[in-house]
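Full structure from sequences and hints, please.
Numbering (our numbering), first residue to last: 408 to 792.
One or more hints might be untrue.
[Stated by the list, open to error] Below 25 Å or equal to it, Euclidean Cα-Cα: the simulated DSS-like pairs (lysine-lysine) are:
no., residue 1, residue 2
1, Lys573, Lys604
2, Lys537, Lys570
3, Lys442, Lys411
4, Lys411, Lys421
5, Lys428, Lys604
6, Lys579, Lys537
7, Lys442, Lys780
Because the hints were derived from the structure by calculation, they are not lab data.
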Amino acid sequence: MVNKMYEQYQQHVKDLRCTNKYRQLHGRCQVNQDKCINFSTNDYLNLSTNHSVIEAVVVAAQEYGVGATGSRLLSGDRDCFHTIESSIAKSKGMEEAIIFSSGFQANVSALSALLSADVLGAPPLVFFDKLNHSSLYQGVFLSGAELVRYRHNDMVHLEVLLKQHKNDHRHKFIIAETLFGMDGDVLPIHDVAELAKQHHAILYLDEAHATGILGPLGYGLSTAIDLDGLHCIVMGTFSKALGCSGSYIACSKTIKEYLINKATGFVYSTAPSPAIMCGALKAWRMLPEMVNERSQLQHLSSILRSKLSKSNFDIGASVTHIVPIIVGEERVAIDMMNNLMNNNLIVSCVRPPTVPPGTSRLRIALCSHHQEKDLDLLVSTLERI
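Given below as structure tokens:
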């Protein structure tokens, strides 16, 4: 039976190869960065190599050690965790915050807890953007909640669905990313917040790609809305624009207390590295000062989108530094990625099921250190290949 099982695993991998959905590690960490221009990293503000952030990590490692040594409910709690949670809550205009080891862990464990039918008395209704991240889907699926998907960023469709269920007295949630990581477009935050208020729904926002980039001080798009009368829970990560690892959820005191007791990914996981959390705290406190870096990203992304559009590349609805080049077929996207790599240009190739069928793409992620000449080289190489 075990041999049969391995044959089935091997067949699955073989099927992926045949349909151009096979994934493998590229060893890109070994690429000579002096020769290559990297358009695939999520280190949007270059904080992963910032000297102040690195120094904060080193100092913290000397004080706390590298690992937390246990879950926070056992031996793993540290005062620096409470410091970063307080800073996040204040910056986000929320009562509390709670940290997790990754964004995926935060979404899966928090949503499976928040949507629990055992606690709420019945499976809640979840109104869900069709292009939301896999971790959001997984959290909903684990909970057993009823999923009601609306067309991507279509607030008219969302309103129609909410009205269709107005007589359903189960608890309602609206779940969406604020900056969609595969498409580079932005949630109409004020519209969705108003709908959540009107229909008495809890709004759960994923700010993974928006943290550090959007909002008046770089603290995410949720900081631009009026939270009065709005029941809002916000997830964000330290692993993208902040250049570290880990994540947070900003919420009310009640929600934090509930997650500490119900979110399995928090209860049963070793706490994040104290050293990395101190690095994330340093990066978090630097965000208000990084106006020029965010402006540079906006400037570069506007130039790139214009150049790609003039060359008839399909960039979807991107309005940010994340710019997809949608080519359709998996094989085409793979070949383009490899050709760019051969020309010392690193980009990400994204295929189904990460994106919908027929929308395989190259994902261009701009960082504040990129220059206009880098964009010129990228576009001219794309045109040539």
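Each hint, compared with the structure:
Proximity of Lys573 to Lys604 is assessed by CA-CA distance (about 13 Å); at most 25 Å being required, the pair is judged to hold. For the hint linking Lys537 to Lys570, the alpha-carbon distance of about 19 Å falls within 25 Å, and the restraint holds. For the given pair, Lys442 sits about 46 Å from Lys411 by alpha-carbon distance, which is inconsistent with the 25 Å threshold. Pair hint Lys411 plus Lys421 holds up; C-alpha atoms about 15 Å apart against a cutoff of 25 Å.
Our distance criterion of 25 Å between C-alpha atoms is broken by Lys428 and Lys604, whose separation comes to about 41 Å. In summary, the hint linking Lys579 to Lys537 is supported, as the alpha carbons are separated by about 17 Å, within the 25 Å threshold. Between Lys442 and Lys780 the CA atoms are separated by roughly 14 Å; this keeps the pair inside 25 Å, and the hint holds.
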